[in-house]
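Line by line, the protein sequences are chains C and V. No gaps in the numbering here: position 86 of the first sequence is 85 in numbering that gives the first Met the number 0, and each next residue is one more. No gaps in the numbering here: position 271 of the second sequence is 270 in numbering that gives the first Met the number 0, and each next residue is one more.
It is worth saying that the hints were derived from the structure and are not from the lab. For every residue, glycine included, the Cβ atom is placed at its ideal position computed from N, Cα and C. There may be inaccurate statements among the hints.
As the list claims (entries may be wrong) - Here's a subset of chain V near chain C, in silico, CB distances under 10 angstroms, partners left out:
hint : residue
1    : 105
2    : 191
3    : 245
4    : 248
5    : 261
6    : 269
7    : 272
8    : 273
9    : 275
What the hints assert, rightly or not - Quick partial rundown of chain V residues pointing at chain C, CB under 10 angstroms, derived from the structure:
hint : residue
10   : 16
11   : 233
12   : 246
13   : 247
14   : 250
15   : 256
16   : 264
17   : 276
18   : 286
19   : 289
20   : 290
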Amino acid sequence: MPDADGTEDHYVARADLRWRELGDDLLVFHPVSWDVHLLNAAAGMVLEACSRAPQSSPSMAQLLVDWLADDLRADADGLARSLLVDLSELGLIVPVSQRAGA
Amino acid sequence: MLVHELGVDGVAARLRGDGLGIDLGAAAVCIRSDIDELPSLLSRLYGDFDVAAAPGLFDVTVQLKVERAWWRRLRPQVNLWLDGEREFEPFPRDTPLPLLEWGINYGLASRLSCHLLLHAGVVARGDKALVLPAMPGSGKSTLTAYLSRRGYRLLSDEFGVIRLDDRLVLPLLRPVALKNASIDVLRAADPALTLGPSYPRTRKGTVAHMAPSASDARAVHQPARPAAIVFPQYVPGAGAELRPLEPARTFGRLAVNSFNYDVLGPQGFEALCDVIETTSAHSLVYGDLAAAVSHIDALMAGPAAGAEPT
Chain C
0 MPDADGTEDH YVARADLRWR ELGDDLLVFH PVSWDVHLLN AAAGMVLEAC
50 SRAPQSSPSM AQLLVDWLAD DLRADADGLA RSLLVDLSEL GLIVPVSQRA
100 GA
Chain V
0 MLVHELGVDG VAARLRGDGL GIDLGAAAVC IRSDIDELPS LLSRLYGDFD
50 VAAAPGLFDV TVQLKVERAW WRRLRPQVNL WLDGEREFEP FPRDTPLPLL
100 EWGINYGLAS RLSCHLLLHA GVVARGDKAL VLPAMPGSGK STLTAYLSRR
150 GYRLLSDEFG VIRLDDRLVL PLLRPVALKN ASIDVLRAAD PALTLGPSYP
200 RTRKGTVAHM APSASDARAV HQPARPAAIV FPQYVPGAGA ELRPLEPART
250 FGRLAVNSFN YDVLGPQGFE ALCDVIETTS AHSLVYGDLA AAVSHIDALM
300 AGPAAGAEPT
């Protein structure tokens with residue numbers, strides 16, 4: 000998601016999330032809403048990457064491209080963008096520019 | 000001192016005085032009432048429980064009091080008081096025991112938030128607990144009661160009490176409320192069963208209460224380690240089929256079957272995850288109790304039933 004100046008926004012995971020791997024799934028507890036989110040492997044990978052360092056849509060696409068099946072690699076950009084939007088809407092990641100609550 | 004050692008007159012005196020305190024394990028309740036038939040019923044169904052001194056500190060105080068107004072004589076009613084508050088409109092006078100038991104359940108479910116409370120039956124073999132969470136009408140009580148007559152220790156018919164400190168399951172023992180056909184099924188399974196009277200026309204049909212065994216009542220302060228979780232579903236005519244459940248799906252089903260998961264927030268989340276990580280989880284569709292029990296026996300004897308916590 001490019002900013003007004005054309006640069007890509009970067010995202011970080013909220014620092015106060017609680018998460019647990021149960022089987023192949025990742026359960027994430029949101030500390031404010033107390034909602035629990037069940038993330039699939041791709042979303043979990045993005046969230047974990049965002050917890051290690053700020054991530055942009057291109058950096059996430061690069062991560063996903065190595066993991067996706069051959070026939071899905073062409074859409075890695077779209078998937079990365081979509082996952083960042085979804086996780087951001089859930090309040091699990093925040094843009095670095097709004098990092099105060101993270 | 001045990002409740003039956005008070006004698007019916009002694010129980011009656013306590014019910015009309017400071018209250019009859021009963022130690023249920025994870026909680027203690029105080030019961031007060033002026034209803035004539037309750038002393039003998041409580042002596043029978045709670046006879047092997049320890050008396051808790053009253054006045055004292057109780058998790059819930061329940062009072063059933065007959066409505067004395069003259070216009071109530073045609074349709075007698077009782078009032079249910081919880082911790083000194085009358086939270087409900089009066090109830091019909093003819094089902095005092097189901098009302099008392101329901102009142103205790105309501106009080107415990109809404110007040111005992113120092114533990115994670117699952118709506119579940121719990122039995123144990125040795126120190127390994129089998130948790131049977133289920134929605135009403137799923138055959139949970141029947142299966143729990145039946146297991147308690149087949150070599151399993153009964154910890155609770157209604158509450159899976161997970162202690163937050165160590166994730167152990169605490170007994171919260173009460174008489175088991177059997178409904179409709181289950182009453183005869185259990186009577187046939189164990190003719191020596193101590194049963195209270197059958198109450199027809201309750202909200203759940205005919206209800207009768209089964210007293211826990213004396214050995215179960217003596218063990219109300221022995222926790223057990225959660226080893227297996229089984230979600231039962233009674234389907235008439237079915238045999239018995241046990242299917243493994245994915246951990247994430249188990250989480251969702253346990254959270255839905257919890258009385259206070261939403262109250263505990265992060266503590267509830269961590270406790271549920273810990274329990275799921277150290278247990279095996281299955282769904283059980285059953286119509287044949289004996290077949291269901293043999294599946295459960297095999298599950299509890301096998302390695303899947305509860306890895307030792309690391």
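Going down the list of hints, with the structure as the test:
1. 105: Because about 24 angstroms separates residue 105 of chain V from the closest Cβ in chain C, which is outside the 10 angstroms limit, the hint is violated.
2. 191: violated, 43 angstroms
3. 245: holds, 6 angstroms
4. 248: holds, 9 angstroms
5. 261: Hint on residue 261 of chain V: holds, closest Cβ of chain C at ~7 angstroms, below 10 angstroms.
6. 269: holds, 7 angstroms
7. 272: Status holds, d = 4 angstroms.
8. 273: Residue 273 of chain V check passes; min Cβ-Cβ to chain C is 9 angstroms, inside 10 angstroms.
9. 275: At 6 angstroms from the nearest chain C Cβ, residue 275 of chain V passes the 10 angstroms test, so the hint holds.
10. 16: violated, 44 angstroms
11. 233: violated, 28 angstroms
12. 246: At 4 angstroms from the nearest chain C Cβ, residue 246 of chain V passes the 10 angstroms test, so the hint holds.
13. 247: Constraint on residue 247 of chain V satisfied, holds at 4 angstroms.
14. 250: holds, 6 angstroms
15. 256: violated, 15 angstroms
16. 264: holds, 5 angstroms
17. 276: holds, 7 angstroms
18. 286: violated, 29 angstroms
19. 289: violated, 32 angstroms
20. 290: Residue 290 of chain V check fails; min Cβ-Cβ to chain C is 28 angstroms, beyond 10 angstroms.
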